[in-house]
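Participant: With the hints in hand, could you dock these two chains into one complex?
Quick mapping for you: the protein sequence lines, in order, are chains A and B.
Residue 1 is where the first sequence starts when you use the working numbering, and the numbers rise one by one after that.
Residue 1 is where the second sequence starts when you use the working numbering, and the numbers rise one by one after that.
Simulated from the structure, these hints should not be mistaken for laboratory data.
Here a beta-carbon is modelled for each residue, glycine too, at the ideal position from N, C-alpha and C.
There may be inaccurate statements among the hints.
Claimed, not checked - DSS-like, lysine-lysine: derived pairs with alpha carbons at most 25 Å apart:
1. A/K100 to B/K39
2. A/K160 to A/K236
3. B/K268 to B/K244
4. B/K93 to A/K100
5. A/K115 to A/K88
6. B/K40 to A/K100
7. A/K100 to B/K145
8. B/K169 to A/K250
9. A/K47 to B/K188
10. B/K153 to B/K188
11. A/K88 to A/K100
12. B/K93 to B/K169
As the list claims (entries may be wrong) - According to the in silico footprint, chain B covers these stretches of chain A (three or more CB under 8 Å from chain B):
13. 53 to 62
14. 71 to 77
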Amino acid sequence: MFVPCDRGGGSAAPDFKGFTLLMPAVSVGNVGQLAIDLVISTLDMTKVGYFYTDCLVPMVGNNPYATAEENSTELSINAEVYSLPSEKLVVLQIRSPFIKNKYRPFCETLLSWVKSSKCARVVLLSSSHAYQRDDEQLLGTPLRYLLTPDLEKAVGGRMKELNWKEMERVAAYPGISDTDKILHIPGGGITKLLFTESCSEGIQMAVLLKFCSEGDNIPDAFVLVNYLNEWLQLIKSESNNSTDSSSQWKIPSSWRLLFGNGLPPALF
Amino acid sequence: MATFFGEVVVAPSRAGLDEEEEAREETPEDREIRREIEKKREVDVLWTWRSGGCAEEPLVCSRFIVAIGRNAAAFLSSFILDSVCWEVVGVVKLWNEWCRTSSTTNVLPTDSFCLFYRLISDPTVLLCQCSCYVAEDQQFQWLEKVFGSMQKKGLQVTILSTCPVADYKTQESTLTLVSPFLRALKTKEFQEQVCCPLLEQPNIVRDLPAAVLSYCQVWQIPAVLYQCYTDVIKLDTVTIEAFKPLLSSKVLKSLAKDSSESTKILKKFLTTSDTHNNIYI
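Same shape as in the complex, but just chain B (with noise of 0.2 Å):
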């Protein structure tokens, strides 16, 4: 196929790209770059509920519930967050082409950012905030490094993320969808009840929400994935304002706000969004 200036591209195979590139021997050059680009790719997570003196003994864990992607981000900063209930005690430290990240825990919205909350009142339930994208080759690090650090009995996952419409299979045209909408996936140990319907074959869902769900699959964790299509790509309050079905679940419903300050924030995000968005003054 010809790009726009004539050239001949292969088309790229599914099968991978760069097999020869693999099977041939590495130079001390080569190892030497890989080294360093994997240094460099290497995912940090700095936990600050560990002091210097203490030994390194897992979080106790009942609750994590992890945003991925900047609209669920918002969703749990609008209904659940606050500065009152919730300390910061983790921060991710990465890098890669789409993203670095901050580690300062003052963030706006539209920031790249992956930080971790506790509730005060029962610093078993967690929450993680990651609006940075976390690429395939660092997703195994974020989860080992992550879930490492938990004491995993007892521990209950849910994860809230978003994907284009466009991606959603169905029979009929994605034209006449009503989007945004929500579709759950469960781990065989979730036996709570879904807000949701369940995400319909041939669906997938990828990166590091399916790799999180994975991880809870493989070691028995009881998780629930919701994940939000739509059409919007950037911070957009009607995208977060679909989530809001999760405030009847179990493990949020304890932890919403006052619906007045939420609508407030939501407020806030409109403004910073639509700054963002308009490139005519």
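Only chain A is shown next, with the shape it has when bound in the complex (with noise of 0.2 Å):
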């Protein structure tokens, strides 16, 4: 359930009427999370709440996107929301693996959130695993979108304009020719139920996903973050090459030390 920071008297809870929700899948390379990360980080947004759930492993920490001795000192927790309402961007960030046979009630508790909340569309930022790729999947761009039915008729169009690949459809039984063509995410974690789920519940939602594997999955996380500023312009690109604006997103501090501590002077 979402809970919102400040409690106090006269405080209004905030209003994400109309905004939209971008948020990670917890998928393969964790790339869509690193991706949020550079979104909060660079557009300073500010922490509006808290998603209290039983579903995901607890973790806490101080700030991970301190940028002085200041405003280092305040703690975090697995699920976060932050809001940018000048852009009407809400942001929710998951900072740990699922629990066991959780997937489906987060889901769930997840979408009737988006409902009450009475969000425009929702955003997911996911990842697949590279090596399950077919022949024409290997071909080509990693990057890859999905539309929710309702959210089709709205953008659509800009997805052709932008020249954006649909993730394809693939066959239930490999091989043999005629059978159905179903929707397959291998290592996208709660992508596939929530997109289907957001389908039959006539939910906006888009899912933006990249090809990975595995590994230093940073590279990965400015590909995808930049895949979806062709679309939300979320910062504007400062060079003369609109695709590249890869300087202009801010590493949080919190990404240091990701491949482990310093080495041991005796080693050498």
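Facilitator: Shown next as structure tokens:
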């Protein structure tokens, strides 16, 4: 459930009516979550609440977007909500994996919050196992999108203009050509479940995903967030090349030491 | 990657292993098995201060001190708890793959248990020693059943726990770090002085200590967590003594025992842990 940060008398609960909800799927390489970190850090978004749930593994730490001594001691938990009212943007960041058997309850709680808070649409950043691509998917762009029927009507044209590639549906039984085509997002965590539920509940949802593998997924996060930016224009590109705005994304301080501590000097 | 026997295994993805399982529809048999496992893994909190006929009024609590893990629990046993000033008021019964708690209150420091004590002279002071491992699917239940029994107005929470120094992220190598050492995390509402440096980015805390602190942050309860980074995983007097700076804190200062008694109890831990650690006669 959404719990606002400020609950003192006089301050109203944040209003997300008409906002775009941006959120990650916990998926291969954690690419969606890394991309969301870049968005929150670059746009200097304000934390407005927590998504208190029993579906995610608990974790706490100090402010992952700290820029100075003064703002480094604010506690952060595993699922938090940030907002930028000037852009009508609300972001949910998820920082830990799902507890077993809790995918479905989480999706239900999330979609019910989307409906009650009257968000206009949801954009889900995700990823899928690169090794599961078929021969055609191995060539060309590793980025894909999906739109629920309600959002297709609104922005389908824009995707065509941007020359984006829709996620292919695959045969239910590979090798047998006359079976139904289904959506298959291996390594995508709750992506498929959230998308199919949104389709059936009439929620406007877009999924933006990248094919990738586990490893150093920082470059994948940059590619995904630039892909998002082509559509939502969250940051304006300074250079002439409108597709490359990598240098303008601010890496959060919590990305330090991702691959371990310093080395013992006695090693050399 | 190959295991010892040469078969190839899939490297676990951070995305979660069984998404396919989750997406599949449950058969009635699956549902039955899942329900049975959930029932077996239920967390039961038995409060002994509630007698049969009483309505379930919440426990008024001003200070709640939680020690998670054997060393943190042993710190409370050595420096705070005794059988004269404190009485047992609750016990947690749970089972998971790592441990089963005993419902007896006569426990050894090396047992798995979760007990609640109340200060007889001030019944609003509650203390918990939780040396059993509470699994990730049980942590929320533990929180709701423990905090659900308390009146949270005016409550302040102090959490003590330990974790391996190898988990500590720092620019230097962990070889040069002097352990054990303390680090703290506090909620927004906690205004008092902390007894050690705050936990630096990008370090995080997990498991039950994180669950308790998250609960306090969300529900605006002043709380502080003291995490002791240590390189000893078993019961160890050096790790236990690393918590000593906390005895100067506002919460624990008035509760601390006589130091000679503490030394006696610590010596007892030394012999207990030696017996368990030594596999050679």
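Participant: Of the hints given before, which are not true for this structure?
Facilitator: Hints 11, 12 are the ones this structure does not satisfy, whereas the remaining hints hold.
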